[in-house]
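Undergrad: These are the residues of each chain, in order.
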Amino acid sequence: MGDSQYSFSLTTFSPSGKLVQIEHALTAVGSGQTSLGIKAANGVVIATEKKLPSILVDESSVQKIQTLTPNIGVVYSGMGPDFRVLVRKSWKQAEQYHRLYKEPIPVTQLVREIAAVMQEFTQSGGVRPFGVSLLVAGFDDNGPQLYQVDPSGSYFSWKASAMGKNVSNAKTFLEKRYTDDMELDDAVHTSILTLKEGFEGQISGKNIEIGIIGADKQFRVLTPAEIEDYLAEVE
Amino acid sequence: MAQVAVEVPPKGGFSFDLCRRNEMLSNKGVPPPSFRKTGTTIVGLIFQHGVILGADTRATEGPIVCDKNCEKIHYMAPNIYCCGAGTAADTEAVTDMVSSQLQLHRYHTGRESRVVTALTLLKSHLFNYQGYVQAALVLGGVDANGPHLHTIYPHGSTDTLPFATMGSGSLAAMAVFESKYHEGLTKDEGINLVCEAICSGIFNDLGSGSNVDVCVITKGHKEYLRNHQLPNPRTYVSSKGFSFPKKTEVLLTRVTPLQEKVEVIERGDAMEE
Numbered sequence: 001m002g003d004s005q006y007s008f009s010l011t012t013f014s015p016s017g018k019l020v021q022i023e024h025a026l027t028a029v030g031s032g033q034t035s036l037g038i039k040a041a042n043g044v045v046i047a048t049e050k051k052l053p054s055i056l057v058d059e060s061s062v063q064k065i066q067t068l069t070p071n072i073g074v075v076y077s078g079m080g081p082d083f084r085v086l087v088r089k090s091w092k093q094a095e096q097y098h099r100l101y102k103e104p105i106p107v108t109q110l111v112r113e114i115a116a117v118m119q120e121f122t123q124s125g126g127v128r129p130f131g132v133s134l135l136v137a138g139f140d141d142n143g144p145q146l147y148q149v150d151p152s153g154s155y156f157s158w159k160a161s162a163m164g165k166n167v168s169n170a171k172t173f174l175e176k177r178y179t180d181d182m183e184l185d186d187a188v189h190t191s192i193l194t195l196k197e198g199f200e201g202q203i204s205g206k207n208i209e210i211g212i213i214g215a216d217k218q219f220r221v222l223t224p225a226e227i228e229d230y231l232a233e234v235e
Numbered sequence: 001m002a003q004v005a006v007e008v009p010p011k012g013g014f015s016f017d018l019c020r021r022n023e024m025l026s027n028k029g030v031p032p033p034s035f036r037k038t039g040t041t042i043v044g045l046i047f048q049h050g051v052i053l054g055a056d057t058r059a060t061e062g063p064i065v066c067d068k069n070c071e072k073i074h075y076m077a078p079n080i081y082c083c084g085a086g087t088a089a090d091t092e093a094v095t096d097m098v099s100s101q102l103q104l105h106r107y108h109t110g111r112e113s114r115v116v117t118a119l120t121l122l123k124s125h126l127f128n129y130q131g132y133v134q135a136a137l138v139l140g141g142v143d144a145n146g147p148h149l150h151t152i153y154p155h156g157s158t159d160t161l162p163f164a165t166m167g168s169g170s171l172a173a174m175a176v177f178e179s180k181y182h183e184g185l186t187k188d189e190g191i192n193l194v195c196e197a198i199c200s201g202i203f204n205d206l207g208s209g210s211n212v213d214v215c216v217i218t219k220g221h222k223e224y225l226r227n228h229q230l231p232n233p234r235t236y237v238s239s240k241g242f243s244f245p246k247k248t249e250v251l252l253t254r255v256t257p258l259q260e261k262v263e264v265i266e267r268g269d270a271m272e273e
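As you go down the protein sequences, you meet chains U and A in turn.
Throughout the first sequence, residue numbering follows the UniProt record's numbering, covering 1 to 235 in sequence.
Throughout the second sequence, residue numbering follows the UniProt record's numbering, covering 1 to 273 in sequence.
Warning: the hint list may mix true and false statements.
[To be verified] With a straight-line cut-off of 30 Å between C-alpha atoms, the simulated DSS-like cross-links for lysine-lysine are:
hint, chain 1, residue 1, chain 2, residue 2
1, A, Lys28, U, Lys102
2, U, Lys92, A, Lys219
3, A, Lys222, U, Lys92
4, U, Lys206, U, Lys165
5, U, Lys217, A, Lys219
6, U, Lys102, U, Lys89
7, A, Lys219, U, Lys102
8, U, Lys102, A, Lys123
In short, the hints are calculated from the structure, not lab data.
The whole structure should be built from the sequences, with the hints applied where relevant.
TA: This is how it looks when you write it as structure tokens:
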């Protein structure tokens, strides 16, 4: 690529108008484990593969899906440590908002704050962009919402989206299967089927993680036992 | 970075800039405004299964009762509550701030908050402000290590006790506790004792009055009994109604009862398209 001369410095545009570091960050995301999200009529589901580097790793200590507020959850594809930093910042932002306005932070506001943080790291000296894309799922007064935030800091609201290794197959699968009047349970089944598409090996409650939020506006991560139940229903 | 607009003094700690102005004003005969204090009787005790906190509900501005039904039992965490005496703004702000910090800590650790954590955060803050934050607190809760009850003084010292009272009515309430408290109280006995102590403060201390609020915290469960007792009801509503001076012709009479609470009706069915 003729862009390679401009690929070292984050704060320099290449002649084609791209910030090459961000492109590289997206590549890092694209080689991360598959994750996806589906917005149903009465809730949102987010899910991800949880492939551990070795069978010796204690899989109960790995939490890829995190709760940002009682009614907002998030999953990622890409670099785990970058995700941790973003989650910590989001907790603080959400809590500061709550302290100031005595109201739980709306989903759009939190997404905007996270995206602003990610954008900062594309326009500062001596830092690199975050190597993660996030799927933020929430349920507030505006109903169920699903947002994808990219390393550049851009965010979009999606009805269903996927990121990571198997993104093109997963998105095609979702396009075929998605209906506007889907219920939350159907969405969970669809997300399991989508993950199964590109899954290497035997899918089970221990190597995928699923988080749901329903009309009760409480985000929670499903236990391995609950995932096994859904898997059995899908078979 | 999007700055949340909470003003913080530049180097932390109290900013004494306006003290000279205040001195000049009081020398010229303009007295400083009196603070809204919570006068107060606040109590806490440990019973068989946890902690019971109690408070009165009168807030005063000097000799005037400015709030007949204020809330002095503040939420800190799902398993920790804190009663506050002293300057109302100080108690509310400091408990709010520490509650926020505890929530953040819960996100970081994924665990239930401990009472000693709240205690340490509060006492460090109060000590840093050298007693200028006039908040005297009774902190109680149940965590993984059992039930805990502490008192925190405005300068930052703390006590750990099985039963405690603070505020202007503390002597009246402590008299009740000292004579009737024993270990192994049941929940009902505990609530009754707390109510007795608060009522003692309400009737014998000018700075305390109105109603009794109670909060019962046990392992995994809490009961916030707002206005558990109302020993000071309004009894003076005249049955004759309003009478006009002579020669006034009444054209229309319409009585609109004042609503104390606003009922928020949950959103019903969605609008039809």
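Undergrad: Hint by hint, say whether it matches the structure.
TA: Tested hints:
Between Lys28 of chain A and Lys102 of chain U the alpha-carbon distance is near 40 Å, which puts this suggested pair outside the 30 Å criterion. Between Lys92 of chain U and Lys219 of chain A the alpha-carbon distance is near 28 Å, which keeps this suggested pair within the 30 Å criterion. Simply put, Lys222 of chain A and Lys92 of chain U have alpha-carbon atoms about 27 Å apart, close enough for the 30 Å limit, and the pair holds. Straight-line distance between C-alpha atoms of Lys206 of chain U and Lys165 of chain U comes to about 20 Å, which keeps the hinted pair within the 30 Å bound.
Restraint check for Lys217 of chain U and Lys219 of chain A: satisfied, since their Cα atoms lie roughly 25 Å apart, inside the 30 Å limit. For a cut-off of 30 Å, the pair hint linking Lys102 of chain U to Lys89 of chain U stands: about 19 Å separates their Cα positions. Restraint check for Lys219 of chain A and Lys102 of chain U: satisfied, since their Cα atoms lie roughly 27 Å apart, inside the 30 Å limit. A C-alpha spacing of about 24 Å is found between Lys102 of chain U and Lys123 of chain A, which places the hinted pair at or below 30 Å, so the restraint holds.
Comparing the model with each earlier hint shows a violation of hint 1 alone; every other hint is respected.
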